[in-house]
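As you go down the protein sequences, you meet chains A and B in turn.
Letter by letter, the first sequence follows residues 1 to 299 of my numbering.
Letter by letter, the second sequence follows residues 1 to 345 of my numbering.
No more than 25 Å apart at the CA atoms, straight line, and that leaves these computed lysine to aspartate or glutamate pairs for DMTMM-like:
| no. | chain 1 | residue 1 | chain 2 | residue 2 |
| --- | --- | --- | --- | --- |
| 1 | A | LYS126 | B | ASP24 |
| 2 | A | LYS157 | A | GLU57 |
| 3 | A | LYS185 | B | ASP85 |
Honestly, the hints are just simulated from the structure, not real lab data.
So you can see what is in the structure, the chains are spelled out below.
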Amino acid sequence: MSLAIERSWIGAAGGALAEHYRIITANPLGRIGFWIIVAFVLVAIFAPWLAPHPPWEMQYDSEGGFASLRSPSLEFPLGTTHLGYDLFSQLILATRTTVIIGAVSGVISIVIGANIGLISGYYGGKLDELLMRFTDILYGMPFLPFIIVLVALFGRKLEFVILAIVLIIWRTSARVIRAQTIAIKQRQFIIAARARGAGDLRIIYRHILPNVLPLVLLYTSFNIAWSIITEASASFLGFGDGETISWGGMLYELWLSGKTRVAWWWFAAPSLCIIALVTSLVFVSRAYEEVANPRLRKR
Amino acid sequence: MSDAPQTLLEVRDLNVRYATAEGDIHAVSDVSFEVRRDEVFGIAGESGCGKSTLIRALLRLLHSNGRTEAAALNYDGRDLQTMSDRDFREQILWQEISLVPQSAMNSLNPVYRVGEQTVEAIQAHREMPTAQARERVAELFDIVGLQADLMNSYPHEFSGGMRQRAMIAMALALDPGLIVMDEPTTGLDVLVQERILRRIREIRSEIRSSIILITHDIAVIAEMSDRVAVMYGGRIMEQAATLDLFESPHHPYTLGLKNAFPSIRSLGQAGAELISIPGSPPPLIGPQHDCPFAPRCPFSIERCAGEIPPARQLGADHQARCFRLDDVVELREQARHKRTWHSSN
Chain A
1 MSLAIERSWI
11 GAAGGALAEH
21 YRIITANPLG
31 RIGFWIIVAF
41 VLVAIFAPWL
51 APHPPWEMQY
61 DSEGGFASLR
71 SPSLEFPLGT
81 THLGYDLFSQ
91 LILATRTTVI
101 IGAVSGVISI
111 VIGANIGLIS
121 GYYGGKLDEL
131 LMRFTDILYG
141 MPFLPFIIVL
151 VALFGRKLEF
161 VILAIVLIIW
171 RTSARVIRAQ
181 TIAIKQRQFI
191 IAARARGAGD
201 LRIIYRHILP
211 NVLPLVLLYT
221 SFNIAWSIIT
231 EASASFLGFG
241 DGETISWGGM
251 LYELWLSGKT
261 RVAWWWFAAP
271 SLCIIALVTS
281 LVFVSRAYEE
291 VANPRLRKR
Chain B
1 MSDAPQTLLE
11 VRDLNVRYAT
21 AEGDIHAVSD
31 VSFEVRRDEV
41 FGIAGESGCG
51 KSTLIRALLR
61 LLHSNGRTEA
71 AALNYDGRDL
81 QTMSDRDFRE
91 QILWQEISLV
101 PQSAMNSLNP
111 VYRVGEQTVE
121 AIQAHREMPT
131 AQARERVAEL
141 FDIVGLQADL
151 MNSYPHEFSG
161 GMRQRAMIAM
171 ALALDPGLIV
181 MDEPTTGLDV
191 LVQERILRRI
201 REIRSEIRSS
211 IILITHDIAV
221 IAEMSDRVAV
231 MYGGRIMEQA
241 ATLDLFESPH
251 HPYTLGLKNA
261 FPSIRSLGQA
271 GAELISIPGS
281 PPPLIGPQHD
291 CPFAPRCPFS
301 IERCAGEIPP
311 ARQLGADHQA
321 RCFRLDDVVE
331 LREQARHKRT
341 WHSSN
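Let the hints inform the model, and build the full structure from the sequences given.
Below, the structure is given as structure tokens:
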């Protein structure tokens, strides 16, 4: 492909970004969601500078007393754990873990899901049969037990948690994008493109993909949201990465400490963060859904 | 004129079958025709007669359950049948044979600007810098009567007639030897239709591409084409030079078609009433043993069931498939009367 085309691609990409911003923010909830996500991402990027203390370091108050199970105060804005760890610092550092898990598994899973959906839907026949039956098998996998088994086998590491999430989560995106691909490949402009001598790959990625893009973006945000929830669940059950603090991991430590009934601040912060981030992603998805399914717009 | 052979496209005994759960559909059977240099070859017929399948087979755009067989399929001296899909796509499609697809209205990808799509089509086949390709597109837009700055519009900003013209511009992009136009004016209002046809005629005077014009509209065929093939039930029933076909039609189906279309000249005259052909096209499932038109033909005789009439040469450039070609004078006379077609037998 010539340079000139790539240049026009970059120009188009800039225009497309502005267009996506417009789509998301046209919807009031989408706007709120968008800025909450931006805030979390910024916190994730600057986490090491924002967190006042390391996550697992015992804290002492200004009078020198051991700061165990302190409720929120000026000194410890979100309180402390029974071992005197600063929850504010933990929360900020955990944001980074969660955002990484969400972004990485969300993006990898949509890349897998979209490609399998496009290829399966476009070629049809035996290949489609094979890929879709494989997807069906994944639908038969219970999500959490699968992750628990995988992590138990390979170890409690962030990579394996992400791998486990990705292996399962692409299934829905693949199915939905396959269905849309089948609908679009029958459209007249695809036949016209083929009559112009376009090969399979060009048709798939140049002509069909841009037409399923709203759906791809919709499922990207779904996948990110699901990854975050899944990671939190796995961590809460003790199958997260033991070396890295995460929101689910914070709740797990709370559970282990047995102080659930006493330390309300301990579960409030991570829970609210999970809810806020996942809800924001759903809001953004809704904004995309209006593009993918314009009938929703009038309501 | 030149020493190049007169025949550009030669199709001999082309058959297309679709495999379905209920059996093979014989969508196109024993079709033979040729397209000469610098001519418009019209293919007429009602919906479901196999016109679109025929051109899809020529362009290798059939669905995966379609199979094509032919005794000969040559373009400009090259055997298309032995050509690999890849070679066909890279050397023939669009470069030599281009298509203005049916319902060109929906043939533009909604997410790309119209000019961008045309540039893409050019660059898919030619090494050409984008700036130069865009110049070419501007030139093409000018040929089809679109302003050059419309290149930067999206398809939804175009009217139906504009989209149609954009599709024609795309088809012209690489100076193909043959342009296939599948129902180029269907779905457009008469004024736009007239303008498109006039534009096609003007283009014809500028470039020397041959055109296969496919339509169910006899009037368009009569106006545009040099020679015509009339298709029915997947077969060419009659084929002749246009004037010849309309002045001395031989096949009962052609006679019926002529009755079913209004003509300004005969308006108000006795017998100017439009007469439809009752019935509908035959199902094409399974092997065929009868003349496909027999069930609707008021002139059918015993032979018509159980035997398919062979194509018979009637003149240098005139063929028809019918067992009663010798009675044509009598048939023409009877075909003028409504009771012939609409008797309650």
